[in-house]
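There are 2 protein chains.
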Amino acid sequence: MTKYLPKNIDDLIKEFNRLPGIGPKTAQRLAFHILKSSDLVAGELARALVDVKKGVRFCKKCFTLTTDEVCGICFDAGRDASVVCVVEDTLDLVAIEKAGGYKGLYHVLHGAMAPLDGIGPEDLKMKELADRVAEGEIKEVIVATNPNLEGEATGLYISKILAGFDVKITRIARGLPSGGDIEYADQTTIMRAMKGRVGI
Amino acid sequence: MTKYLPKNIDDLIKEFNRLPGIGPKTAQRLAFHILKSSDLVAGELARALVDVKKGVRFCKKCFTLTTDEVCGICFDAGRDASVVCVVEDTLDLVAIEKAGGYKGLYHVLHGAMAPLDGIGPEDLKMKELADRVAEGEIKEVIVATNPNLEGEATGLYISKILAGFDVKITRIARGLPSGGDIEYADQTTIMRAMKGRVGI
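From first to last, the protein sequence lines stand for chains A and B. If you want this note's numbering, it's the position in the first sequence, counting the first as 1, plus 38. If you want this note's numbering, it's the position in the second sequence, counting the first as 1, plus 38.
One should not assume that every hint holds.
For chains that are exact copies, the list does not tell them apart, and a pair is met inside one copy or across any two.
Within a straight-line C-alpha distance of at most 35 Å, the following computed DSBU-like cross-link-like pairs (lysine-lysine) qualify [claimed, not checked]:
no.	residue 1	residue 2
1	Lys-198	Lys-136
2	Lys-163	Lys-177
3	Lys-63	Lys-177
4	Lys-74	Lys-233
5	Lys-177	Lys-52
6	Lys-52	Lys-206
7	Lys-74	Lys-92
8	Lys-52	Lys-141
Please keep in mind that the hints were generated in silico from the structure rather than gathered at the bench.
Start from the sequences, fold in the hints, and give me the full structure.
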């Protein structure tokens with residue numbers, strides 16, 4: 039970045055700058071924060087960075103990230119195994135769990151279909167989803183992919199591969215976000231909200 | 039953060055979240071970026087974090103951060119040793135060097151006076167500045183502290199402690215930033231720009 043800083047400070051700025059969404063100014067700020075902090079702060083972040091992949095694997099059933107063979111949700115006998123919510127990523131699962139109220143299981147695809155980026159169904163846990171449904175225990179598959187082009191295409195593909203099974207396929211509702219403002223909502227959102235209207 | 043993620047992923051999210059300006063969502067995004075990247079990405083950032091303080095010290099003359107006894111700027115015989123620019127932090131020095139055109143030396147205070155936060159002149163490299171000026175070689179001290187309350191107070195204090203010496207004390211100009219818009223400038227900035235007007 040500059041010849042006016044010691045090389046190791048410069049190196050740290052560069053490494054921070056490589057992270058997504060961290061620009062050169064933020065990288066500088068973070069590096070100087072580390073420089074001014076106790077060795078413990080840098081050490082713990084360094085350790086966490088190196089440790090993050092240790093023992094992490096996919097749940098054998100739902101493919102979320104876990105350190106066990108089967109994740110805590112799949113292992114929980116109190117959850118409704120007849121409903122499976124399909125999400126793109128583990129963080130989507132976390133968001134839905136945080137929202138609370140959902141008591142079924144999950145299926146993590148690890149991505150969405152994006153032909154332009156060369157991501158097809160074989161790159162996602164699609165076959166594994168069909169296999170789960172084929173076992174016959176699942177009565178409803180809730181598609182909770184992101185409400186964008188890739189998410190829609192992925193949802194469509196799921197409904198296609200599961201068409202032959204005796205399973206209900208639903209899509210999480212789209213409409214106006216809570217706290218949103220109709221005036222500032224985009225046309226597609228308003229159209230979806232109108233179409234998806236329910237009795238009160 | 040959540041019980042739905044393996045502890046080591048959670049730990050990394052927490053460590054990122056501790057950094058200034060990194061909220062929980064950004065921390066999640068960064069942690070998953072590391073998780074999906076090669077081991078090299080995490081390893082190099084971890085190494086840079088641990089290495090950042092190794093061998094870094096203050097320049098004996100200007101107190102910027104360096105790995106040598108005297109920094110490259112102070113060591114450079116081609117620079118004008120009769121002019122010293124006083125800055126709050128090493129990053130201010132870097133910004134001025136990047137802007138180019140300045141050929142004098144620097145003096146890094148490592149902060150600004152902030153009585154409310156308990157930061158007085160004894161916490162800054164003030165005595166060291168007076169000592170440098172007392173040597174007699176310096177003809178001009180340019181105060182380049184930040185244009186805020188703390189920076190102003192610091193500048194005032196510098197002019198006071200150097201009052202007895204035969205040295206010219208100047209302040210970098212304040213006015214409208216390049217590319218700025220008079221319409222959106224604050225009153226203080228406009229006032230300063232008017233006061234500091236120069237012939238064209």
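Provide an ascending list of the numbers of those earlier hints which the structure does not satisfy. Hints 4, 5 and 6 are the ones this structure does not satisfy, whereas the remaining hints hold.
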